[in-house]
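Asks: Model the full structure from these sequences, guided by the hints.
Chains as they are written, first to last, in my numbering: chain A, 5 to 405; chain B, 193 to 403.
FYI, nobody ran anything at the bench for these hints, they're computed from the structure. Any given hint could turn out to be false.
[Unchecked claim] Cβ pair distances, simulated, as ranges:
{"hint": "1", "chain 1": "A", "residue 1": "Y25", "chain 2": "B", "residue 2": "Q285", "range": "57 to 63 Å"}
{"hint": "2", "chain 1": "B", "residue 1": "Q285", "chain 2": "A", "residue 2": "F19", "range": "28 to 34 Å"}
{"hint": "3", "chain 1": "A", "residue 1": "R66", "chain 2": "B", "residue 2": "R328", "range": "26 to 32 Å"}
{"hint": "4", "chain 1": "B", "residue 1": "T231", "chain 2": "A", "residue 2": "F124", "range": "34 to 40 Å"}
{"hint": "5", "chain 1": "A", "residue 1": "R148", "chain 2": "B", "residue 2": "T270", "range": "21 to 27 Å"}
{"hint": "6", "chain 1": "B", "residue 1": "T270", "chain 2": "A", "residue 2": "P28", "range": "42 to 48 Å"}
[Stated by the list, open to error] Covered, in the sense of this in silico footprint (three residues per stretch, anywhere, with C-beta under 8 Å from a C-beta of chain A), are these stretches of chain B:
{"hint": "7", "stretch": "256-264"}
{"hint": "8", "stretch": "283-290"}
[Stated by the list, open to error] Just a few of them, taken from the derived set where beta-carbon distance is under 10 Å, the chain A residues facing chain B:
{"hint": "9", "residue": "E151"}
{"hint": "10", "residue": "R181"}
{"hint": "11", "residue": "R183"}
{"hint": "12", "residue": "A240"}
{"hint": "13", "residue": "R312"}
For every residue, glycine included, the Cβ atom is placed at its ideal position computed from N, Cα and C.
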Amino acid sequence: MTRTYNRVEGLPIEFGPRLRYKTPLGTVAADLFGIFRTGSRIEWDGNNVGHNARVELRFGTREHWSIGGRLYDVVAPVEDWQLSDVEVGLASFVGHSDYRDYFDRHGGGGFLGYRDGRAFRASLEVSDERWRPRRTLNPFTLWRNDEPWRQNPDFDRASYRRVRLHSSYDTRTDPIRPRSGWWLQGEYEVGDGTHQTFGTEDAAPVPSSGRGVAYGRGMLDLRRYNRLSPSSQLNARLIAGGWLHGDPLPLQRRVSLSGPGANSGFGFRERVTSPDRLQCSGSVVLSGTPALCDRMVLLSADYRHDIRWLVDLFGGSRLIRPDRSGYAGWVLFSDVGRGWLASPRAPQPAVPSDAPKGISALHTSVGFGLELGQGGVYVAKALGAPPSRGVEVFVRLVRRY
Amino acid sequence: MATLLCGAMLPAGNLAAQADARLDVQLPVRAVSSGEGPTFSPRSVLASRDLRELLKGGFPARLHFRCELWRNETLNNTRNGAVEWDMLVRFDQLNQKYDVYRIVGDKASRLGRFNTAEEAEAEVEKPFRIMAPPLRRGRSYYYDSSLDVEVLSLSDLEEVERWLRGEVRPALRGDRNPGTAVTRTVRTFFVKLLGGERRHYQTQTGTFTVE
Numbered sequence: 005m006t007r008t009y010n011r012v013e014g015l016p017i018e019f020g021p022r023l024r025y026k027t028p029l030g031t032v033a034a035d036l037f038g039i040f041r042t043g044s045r046i047e048w049d050g051n052n053v054g055h056n057a058r059v060e061l062r063f064g065t066r067e068h069w070s071i072g073g074r075l076y077d078v079v080a081p082v083e084d085w086q087l088s089d090v091e092v093g094l095a096s097f098v099g100h101s102d103y104r105d106y107f108d109r110h111g112g113g114g115f116l117g118y119r120d121g122r123a124f125r126a127s128l129e130v131s132d133e134r135w136r137p138r139r140t141l142n143p144f145t146l147w148r149n150d151e152p153w154r155q156n157p158d159f160d161r162a163s164y165r166r167v168r169l170h171s172s173y174d175t176r177t178d179p180i181r182p183r184s185g186w187w188l189q190g191e192y193e194v195g196d197g198t199h200q201t202f203g204t205e206d207a208a209p210v211p212s213s214g215r216g217v218a219y220g221r222g223m224l225d226l227r228r229y230n231r232l233s234p235s236s237q238l239n240a241r242l243i244a245g246g247w248l249h250g251d252p253l254p255l256q257r258r259v260s261l262s263g264p265g266a267n268s269g270f271g272f273r274e275r276v277t278s279p280d281r282l283q284c285s286g287s288v289v290l291s292g293t294p295a296l297c298d299r300m301v302l303l304s305a306d307y308r309h310d311i312r313w314l315v316d317l318f319g320g321s322r323l324i325r326p327d328r329s330g331y332a333g334w335v336l337f338s339d340v341g342r343g344w345l346a347s348p349r350a351p352q353p354a355v356p357s358d359a360p361k362g363i364s365a366l367h368t369s370v371g372f373g374l375e376l377g378q379g380g381v382y383v384a385k386a387l388g389a390p391p392s393r394g395v396e397v398f399v400r401l402v403r404r405y
Numbered sequence: 193m194a195t196l197l198c199g200a201m202l203p204a205g206n207l208a209a210q211a212d213a214r215l216d217v218q219l220p221v222r223a224v225s226s227g228e229g230p231t232f233s234p235r236s237v238l239a240s241r242d243l244r245e246l247l248k249g250g251f252p253a254r255l256h257f258r259c260e261l262w263r264n265e266t267l268n269n270t271r272n273g274a275v276e277w278d279m280l281v282r283f284d285q286l287n288q289k290y291d292v293y294r295i296v297g298d299k300a301s302r303l304g305r306f307n308t309a310e311e312a313e314a315e316v317e318k319p320f321r322i323m324a325p326p327l328r329r330g331r332s333y334y335y336d337s338s339l340d341v342e343v344l345s346l347s348d349l350e351e352v353e354r355w356l357r358g359e360v361r362p363a364l365r366g367d368r369n370p371g372t373a374v375t376r377t378v379r380t381f382f383v384k385l386l387g388g389e390r391r392h393y394q395t396q397t398g399t400f401t402v403e
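Replies: Here's what the structure looks like:
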C-alpha cells in the first residue's frame, strides 16, 4: 500500500486506533484504520475512502513468532523498490511528477511471521483480493499545477489468490547510514487468478472474462556495504526479479528500471532504445508507459568518501549539518542493468535485427553526487547515449540504497 | 533545507546553543590491549529552548549513546564491537526537581536530583568512560560514536518508570509500547510540533595503535 501523496489518491489519510495489549499468550497488536483520500477535491465517495485493518498476535519479544490477519481496501504501487515513500510524495506534491503507478487492492488475508531478534526474519502470507485499475486524478501541486499528469496506466481487472514468502537477513551497522554489513532480501510469490480484463506489452487490457492466470514471481535484493577506511566506503547492490514460471505476469506484477531510483542515467519511463530494455514497451506504447518487463536485473556500485575538511572549514555544525550528523561526502556511482521479456509473445516489427543482445544489451549509467546528511544531489549520465541527450540531475532525500 | 529554514526562524540564542551542541569523545592517554576506553561528554545537547520547555512541561528526554570500535586495515575496516547505553532526564513536577539517570544494560542508576535544568545538564555533560573492548597489540583502531536525543511523550511516563526498574527496557528501544492502548501518532506529532524531534549527533575519533 502507499501512504504518500500521489496522483491517484491525493493525500491518503489514515485514521483510527492502534491498540496494543499484553496477554499471557503474547502481545496482541491491532491497527484499525480507515482511509480518506483527498483526491482532486475533498468529497466523500466510494473512491475516496478505504480501510486497512491488521490484527496480530506475537509470541515472544525479541525472538518471536507472530500470526495475524488483514483486511484492506488500499491503493498499492506496482513497484515500490525504486524510491522511498517520502521522495515519491514530495516529487508529486512539489514537482508534479509521480514516479510510481498504482492499482486498487481490495481483500484480506492471513500471515505467519518469524524474527530471530537479530538479523533474520521471514513471513508467509496468503491473501485473496480483487485488483482494479485506478484513474488519474488532478490533486493540487505547488508547481506546474495546471499541467496534466502522466496517466496512471490502465491495469488489469482481476481476482487473485496469492501466496507470498518473504525473508531477509540484515547485518548492517546502521539502517540509515550503514558502514558495513549485508542486507539480503528475497521474495517468492505465487498468484492464481481470474481476469475480467487482460493486457499485454502490446495491447491495453481488453475484456477476457474468466481468463485464468497462474504465475510465479520472485525478487532478490542483495546489498553489501564495505568500509574501506575511516572515511570511505565501497557498496554494491544487485536487484533482480520478475517472472519465474507459469503464465505471463499480469500488468500489475511486471517490472522496469528507469529513473533516479533504478538505472539513474535514464529518465523515468524514458524509452531510449528499440527494443525498449527499460520498460519493455512493445510496438504500441501504452498510456502512461507502464512497467512491462517480465524480468530485470540491476547492479549498482557506489564509492563514497566523507568530506571532513568541508565540515570543519565551514564551522561544523553551522552550515552543513542538515541532520546534525556532521556527514558530508561525495559519491561516485554506476548502474548497469536491463529488463527483458521472458519470451517474445507477439511479433515486434519495431525490433531491428541487429539490435544488441545479451550482456551487450545492458544499459550503463555513471554518476557523481554530493551528499549532506541523509540525502544529496546527483548527476548521472547514460553511457553510449548521444552527447545531446545530456545528463540526469536529481535530488535524493535518502541514500541510493 | 527544511532544517536550515527551521534554524533561521529560531531566536539567536537558541540557534547558538544548537550550533554548539555536539558529542565529544576523548581517547585515553595510552591505548593498551585491556583497560580504559574513551570518555563521552555531550555538549549543549539539552540547551535549546525547545528542549528545555519540553522538559519543564514534563516530557522526559532520552539520550541514547552508541559507541562502535572499528579496526583500521588497508581497504577493509571491520567493526569489532559496539556498546550502547542511555541517559534519561526528567522533571519531577511535584518536587520541582530534575532527575538524571544512566541506564547501562538492565541497570538504571540515578545520578542525582537538581534544582535547575542547567545543573541537570552539567551532570549530563560530565565525562563518562567506558571500558575498552578487547584490542590486539599493534593493530590500528578508531571509535565511531553517536548520540540520539529524543523527547519522550507524556504517556511514556509509566513506561519510563518500568524501564527504570528494569522491567520493559525493549519497549523504549524501537518496539512499540505494549501497554498503551492509544495511537502514538498524535502524540508524536504533538511532540514534534513543539520542537522535540529526534536529534542525531555523530563523531569519529582519530585512529590509534594499541601498545
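Asks: Are the hints correct? Go through all of them and say.
Replies: Evaluated hints:
1. Checked against the hint of 57 to 63 Å, the pair Y25 of chain A and Q285 of chain B fails, with Cβ atoms roughly 29 Å apart.
2. Between Q285 of chain B and F19 of chain A the beta carbons are some 32 Å apart, a value that agrees with the proposed interval 28 to 34 Å.
3. A hinted range of 26 to 32 Å for the beta carbons of R66 of chain A and R328 of chain B is consistent with their spacing of about 31 Å.
4. Separated by about 36 Å at the C-beta atoms, T231 of chain B and F124 of chain A satisfy the suggested range of 34 to 40 Å.
5. R148 of chain A and T270 of chain B have their C-beta atoms about 48 Å apart, which leaves the hinted 21 to 27 Å range violated.
6. Here the CB-CB span from T270 of chain B to P28 of chain A is close to 43 Å, well matched to the stated 42 to 48 Å.
7. Counting residues of the stretch 256-264 of chain B whose C-beta lies closer than 8 Å to any C-beta of chain A gives 3; at least three are required, and the coverage claim holds.
8. Counting residues of the stretch 283-290 of chain B whose C-beta lies closer than 8 Å to any C-beta of chain A gives 0; at least three are required, and the coverage claim is violated.
9. Violation of the interface hint for E151 of chain A is found here, the shortest Cβ-Cβ separation to chain B being roughly 24 Å, above the 10 Å cut-off.
10. Nearest Cβ of chain B to the Cβ of R181 of chain A: about 8 Å, under the 10 Å cut. The hint holds.
11. With its C-beta approaching chain B no nearer than about 7 Å, R183 of chain A sits inside the 10 Å limit, and its interface hint holds.
12. Hint status for A240 of chain A: violated, given a least beta-carbon distance of 14 Å to chain B, over 10 Å.
13. Interface hint at R312 of chain A: satisfied, since its Cβ lies 8 Å from the closest Cβ of chain B, which is below the 10 Å cut-off.
Of the numbered hints given earlier, the model fails hints 1, 5, 8, 9, 12; all others are met.
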